[in-house]
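K.L.:
Chains as they are written, first to last, in my numbering: chain A, 1 to 110; chain B, 1 to 117.
Be careful, since some hints might not be right.
[Unchecked claim] Here are the simulated DSBU-like pairs of lysine-lysine, each with C-alpha atoms no more than 30 Å apart in a straight line:
no., chain 1, residue 1, chain 2, residue 2
1, B, K66, A, K69
2, A, K107, B, K64
3, A, K97, A, K52
4, B, K64, B, K41
5, B, K64, B, K20
6, A, K69, A, K52
7, B, K41, A, K3
8, A, K3, A, K52
9, A, K3, A, K69
10, A, K52, B, K14
11, A, K3, A, K107
12, B, K14, B, K64
13, A, K3, B, K55
14, B, K64, A, K3
15, B, K14, B, K55
16, B, K41, B, K14
17, A, K52, A, K107
18, B, K14, A, K107
19, B, K55, B, K20
20, A, K107, A, K69
21, A, K97, A, K3
22, A, K97, A, K69
23, A, K97, B, K55
24, B, K20, B, K41
25, B, K20, A, K97
26, A, K107, B, K41
27, A, K97, A, K107
28, B, K66, B, K20
[As the list claims (entries may be wrong)] Which stretches of chain B does chain A cover? Using the computed rule of at least three CB atoms under 8 Å from a CB of chain A, they are:
no., segment
29, 19-30
30, 61-71
I should point out that these hints are in silico values taken from the structure, not numbers from a laboratory. Glycine residues also receive a C-beta, built at the ideal position from the N, C-alpha and C atoms.
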Amino acid sequence: DAKTTQPTSMDCAEGRAANLPCNHSTISGNEYVYWYRQIHSQGPQYIIHGLKNNETNEMASLIITEDRKSSTLILPHATLRDTAVYYCIALTSGTYKYIFGTGTRLKVLA
Amino acid sequence: GAVVSQHPSWVICKSGTSVKIECRSLDFQATTMFWYRQFPKQSLMLMATSNEGSKATYEQGVEKDKFLINHASLTLSTLTVTSAHPEDSSFYICSAPPGQRKGWPQHFGDGTRLSIL
């Protein structure tokens, strides 16, 4: 499964869009990109996932580059409750052995 | 949606005690579940894969005699920390994939905070 690289930390003003990048340059054709977040002292919460196309749900949007080597998670209007560690995982469909990297610690500022 | 429940959410025990943590899939069957450990300000570390009806598969460096895993039914996996010591204090999290839907994300429990005195 592809290794992912994310910035260690980011700040975002409340109400603004938070754009969290993830590099997965060794991703293969059948590997999905999953995004989770972990709020302090809780289990990881699923946000969104995708294979090739951009995806949007009620929580966020996922933009995957055409070469699939990187992706960006977009929280369109960040709130203080979005302060969390965000993890990007690339994984072959049908396997579930998630390997977590260090993630990005997002702090939303009032 | 798929829900994974962990119990207890917090446990404090004396050194030398064995502690059992339960992980349940509430509205789906899970032939496989995963156990993670997380130390403060660190990422989740995969400990083992729990397989229904067969032995668990442990990651390198994880003591299988220390962390006993039982997956006796399609909705329940248990992790027992045997003869726990203060260095076993950590946040333990389980996860389960919801069936065989291709590419579908798995879901995580809310974790169990274990403190050994």
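K.L.:
Evaluate each hint against the coordinates.
P.N.:
Tested hints:
Taken as a hint, the K66 of chain B and K69 of chain A pair is broken in the structure, with Cα atoms around 40 Å apart against an allowance of 30 Å. Straight-line distance between C-alpha atoms of K107 of chain A and K64 of chain B comes to about 38 Å, which puts the hinted pair past the 30 Å bound. Between K97 of chain A and K52 of chain A, the direct Cα distance comes to roughly 21 Å. Compliance with the 30 Å bound is thereby established for this hinted pair. For the given pair, K64 of chain B sits about 25 Å from K41 of chain B by alpha-carbon distance, which is consistent with the 30 Å threshold.
This hinted pair checks out: K64 of chain B and K20 of chain B have alpha carbons roughly 14 Å apart, not beyond 30 Å. Restraint check: the Cα-Cα separation between K69 of chain A and K52 of chain A comes to about 11 Å, which is no more than 30 Å; the hinted pair holds. In summary, the hint linking K41 of chain B to K3 of chain A is supported, as the alpha carbons are separated by about 21 Å, within the 30 Å threshold. For the proposed pair K3 of chain A and K52 of chain A, the alpha carbon gap of about 17 Å is at most 30 Å, so the pair holds.
Between the alpha carbons of K3 of chain A and K69 of chain A the distance comes to roughly 11 Å, so the proposed pair stays at or under 30 Å and holds. Distance restraint check for K52 of chain A and K14 of chain B: the Cα-Cα separation of roughly 50 Å exceeds the 30 Å cut-off, and the hinted pair is therefore not satisfied. Between K3 of chain A and K107 of chain A the CA atoms are separated by roughly 24 Å; this keeps the pair inside 30 Å, and the hint holds. Between the alpha carbons of K14 of chain B and K64 of chain B the distance comes to roughly 21 Å, so the proposed pair stays at or under 30 Å and holds.
Under the criterion of a C-alpha separation no larger than 30 Å, the hint pairing K3 of chain A with K55 of chain B is consistent with the structure, at around 28 Å. Annotation: proposed proximity of K64 of chain B to K3 of chain A holds, straight-line Cα distance about 27 Å (limit 30 Å). Restraint check for K14 of chain B and K55 of chain B: the C-alpha separation of about 29 Å stays at or below 30 Å, so the hint holds. Taking the CA atoms of K41 of chain B and K14 of chain B, the gap is about 24 Å. The hint holds against a cut of 30 Å.
Between K52 of chain A and K107 of chain A the alpha-carbon distance is near 28 Å, which keeps this suggested pair within the 30 Å criterion. Between K14 of chain B and K107 of chain A the CA atoms are separated by roughly 36 Å; this puts the pair beyond 30 Å, and the hint is violated. A C-alpha spacing of about 17 Å is found between K55 of chain B and K20 of chain B, which places the hinted pair at or below 30 Å, so the restraint holds. Distance hint between K107 of chain A and K69 of chain A is fulfilled; the C-alpha atoms sit about 26 Å from each other, no more than 30 Å.
Proximity of K97 of chain A to K3 of chain A is assessed by CA-CA distance (about 13 Å); at most 30 Å being required, the pair is judged to hold. A threshold of 30 Å between alpha carbons decides the hint, and for K97 of chain A with K69 of chain A the separation of about 21 Å falls inside it, so the pair holds. With a C-alpha separation of about 16 Å, the suggested pairing of K97 of chain A with K55 of chain B holds against the 30 Å cut-off. For a cut-off of 30 Å, the pair hint linking K20 of chain B to K41 of chain B stands: about 24 Å separates their Cα positions.
The hinted pair formed by K20 of chain B and K97 of chain A meets the criterion: a straight-line CA distance of about 23 Å does not exceed 30 Å. Our distance criterion of 30 Å between C-alpha atoms is met by K107 of chain A and K41 of chain B, whose separation comes to about 15 Å. For a cut-off of 30 Å, the pair hint linking K97 of chain A to K107 of chain A stands: about 28 Å separates their Cα positions. About 12 Å separates the Cα atoms of K66 of chain B and K20 of chain B, which keeps this hinted pair within 30 Å; it holds.
Taking a C-beta to C-beta cut-off of 8 Å, the segment 19-30 of chain B contributes 0 residues in contact with chain A, too few for the three needed, and the coverage statement is violated. Three residues within the 8 Å Cβ limit are the bar, and the segment 61-71 of chain B against chain A gives 0, so the coverage statement is violated.
In summary, the structure is inconsistent with hints 1, 2, 10, 18, 29 and 30 from the numbered list given earlier, while agreeing with the others.
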